Amino acid sequence: MPEWHDVAAFEDLTPEKPLVVTIGNTSIGVKVWRDKVFAVVNRCGHAGAPMAYGEIHPTMSSPSPGAPVEVDYDKPEIRCPWHHWGFDLGTGACTAPIRRPRLRIYETRVEDGRVYILA
Amino acid sequence: MSGSSQPGFIVDCDIHQPDPLNEEFAEYLPEPYKTEIATFGPRKLFSGHRFEDGGMRWDLRGEINGKVMDEPGFFIENLLDRYDHRFGLLTGNVGTISGIPDPDYAAAIAAGLNDRTMDVWLPVDDRFGMSILVPLQDPQAAVREIRRLGEHPRVKAVSMFATANRIPFGDRYYWPIYAECEKLGLPIHMHPSTTAVIANHAHTPAGEAATYFESHCTLPTYYMAQTASMILRGVFEQFPSLKIILVEGGISWLPHLLWRMDAEYKGLKHEVPFLKRLPSQYVKDNIRLTTQPIEDPADVRHLQQIMEMVDAENTVMYASDFPHWDFDEPSHIESKLGSGMMQKLLHDNACEYLGLDCDSHPVFTGTEPRVLADA
Ligand code: FES
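Listed in order, the protein sequences are those of chains A and B. Quick note: the first sequence uses our numbering, first residue 119, plus one each step. Quick note: the second sequence uses our numbering, first residue 44, plus one each step.
Quick caveat, the hints were computed from the structure, so don't treat them as lab data. These figures come from a predicted structure and were not determined experimentally. Cβ coordinates follow ideal geometry from the N, Cα and C atoms, glycine included. All the pointers check out, no bait thrown in.
Some chain A residues close to chain B (C-beta under 10 Å, calculated; not the full set):
#1 GLU188
#2 CYS198
#3 THR213
#4 ILE216
Reference excerpt, derived from the structure (chain B facing chain A, CB under 7 Å, subset only):
#5 GLY277
#6 GLU280
#7 GLN281
#8 TYR308
#9 LYS309
#10 GLY310
#11 HIS313
#12 PRO316
#13 PHE317
Please model the entire structure based on the sequences and the hints provided.
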């Protein structure tokens, strides 16, 4: 059964500096973006890049060529540091229409200034 | 008219009827072009290469059974009847207007040649259809020409020249043409032309090719660039029913482009946020390729693998390129690819894509070489 793990102080997390924690045998990247904390498995399913070094971006879409681009900050994606593929931080699905690879996403919470991961 | 009541089998997507001689050509033109063509002939824009002896098959020189290459009867005897064609798409002389800078001249010449093909070629045999020339130099004029002729039942495509334009085909400059073609269900017939160097300032992405050989071998680079341009600028999102036929640009380049576009889409999709699908999906839905000149690797299995990679059974159609020097007869295609996909590749795919009236459905029974000596 997954358990909550206390991994860091919230104030120590910065968007620039990746945090990597090991829980059991699993390396997990912890990222903060727009005051929210995200945790993902620290290995990209495409070619093994360390996802802790990925960047979080809002989802961008456009209904048709030339139409304004819609930027959705409520649906962030993490993009891999190596080939820049994107993975939905809600579902772990690749943001391109392919079934695999997916990215394992861990639930997080912040309580009393501490960051917890369910893993 | 074709004498047989049975439809033939071969559907041929690329047949080059020659331009008329100057005096006849002039009859189809308004002034001032009528006088210009009668006096000086068409304007020339060539690549500075010696074309392979005029680009024609040597066995078609001179008279054959009392006919010469300028007449429809010559094409009927030596192509349609000889190979049992059901349909042949006349695509004309591809260099006559492509790349010519003057849009008014190009529009007049395109219309004149279209009218002449309708007058002189179509009535002679039901099996002929045509791709109309349009002046890409002026998309609004091109749209007018498509509206003028596009609903004619024997017009089956609109010609665009893959190698002779300063603006790539994904650009919105061309979108009025695509809108009209989509509306009428007319595919774009995308063929190389002889004017690449002047139109693009170079024959290849690397610069000028010294010889026809060097330029002809690198034609696929244009097709890669045009395909990427159309897909990645959202042409098929904007015009989801638009049909494109890539003619004479080869096939083996396609797997690389599909793989690379699909791979890079995953990392660069923010640059094309209007695309909803993997780039390769648009190829399946909106693009077909033609066989000629079929690639000729030393080990034919390599070609067959590539055909499998591009789902050739559903995406490739036959073209002879008659009467040009690098003509492929149907049996040559069967000898390379095996008979399994010939029903679709020599007949069904093009029947459907060109919107032919194919109520009767002949079944593939095999091809055989039919060279002139066997006449
Ligand atoms: S390793 Fe992550 S996208 Fe390639």
